[in-house]
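Count the sequence shown with my numbering and you get residues 2 to 186, in order.
If you are wondering where the hints come from, they were derived from the structure by calculation, not from laboratory data. Hints may be right or wrong, so weigh each one.
Here are the simulated EDC-like cross-link-like pairs (lysine to aspartate or glutamate), alpha carbons at most 16 angstroms apart as the crow flies [stated by the list, open to error]:
1. K27 x D10
2. K27 x D154
3. K33 x D10
4. K27 x E57
5. K158 x E121
6. K158 x D170
7. K33 x D71
8. K158 x D58
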Amino acid sequence: MTDTNTPLDNSQLPNAETLLHTLASKLTPLLKPNTALVGIHSGGVWIMQKLLVLLEDAIQLHHIEHGTLDVSFYRDDYAQRGLKAENRPSQIPFDVENKHIILIDDVFYTGRTTRAAMNELFDYGRPASITLIALINRGGRELPIAPQIVAADLPLKASQHLQLTQLADGSLALDLTPQHNSTRP
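Could you build all of it, start to finish, from the sequences and the hints given here?
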């Protein structure tokens with residue numbers, strides 16, 4: 002556990018690829034028939050893509066379907082954030098109705114991205130259940146939403162911004178920078 006009185010720097014961050022393997026091992030028991038993985042753009046999609054490879058046998062055995070969400074239009078701060086250049090259409094190529102959805106995000110912070118993702122999922126149908134998994138829980142929850150599975154808890158100050166990046170070789174890395182504005186993800 003990290004002391005939140007002393008800000009972290011990039012040298013103290015865990016290895017994202019190692020955390021991915023931790024997340025995969027925690028996710029394995031949830032992979033059953035009638036389950037689908039849904040990654041939230043963009044970091045949650047990167048994680049999902051890696052999990053599809055790491056858990057390939059279980060995914061094939063249980064016929065796990067997958068899709069992606071871009072929750073930009075569903076956020077309660079859309080008017081402040083506006084439309085970003087990297088927005089991508091959501092792709093849910095399966096019937097959500099009565100499906101056990103495993104929602105994947107990279108960094109859990111306030112819960113607003115998760116709320117937006119759940120709102121969008123319900124536009125596709127009524128899932129049997131939604132389980133939230135995240136690579137990192139950074140603390141700072143503002144809504145009664147929390148991930149059921151995380152690879153690591155890493156409490157950060159509100160002034161710090163933690164972002165998952167995809168490197169040129171396809172590997173994932175964490176980057177910590179000062180928060181530049183008052184709008185939070």
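Comparing the hints with the structure gives:
1. K27 x D10: 27 angstroms, violated
2. K27 x D154: Between K27 and D154 the Cα gap is close to 14 angstroms, so the pair holds against 16 angstroms.
3. K33 x D10: Given pair K33, D10 is violated - Cα atoms ~39 angstroms apart, limit 16 angstroms.
4. K27 x E57: The hint holds at about 15 angstroms.
5. K158 x E121: 29 angstroms, violated
6. K158 x D170: 30 angstroms, violated
7. K33 x D71: It is violated: about 25 angstroms lies between the C-alpha atoms, which goes past 16 angstroms.
8. K158 x D58: 39 angstroms, violated
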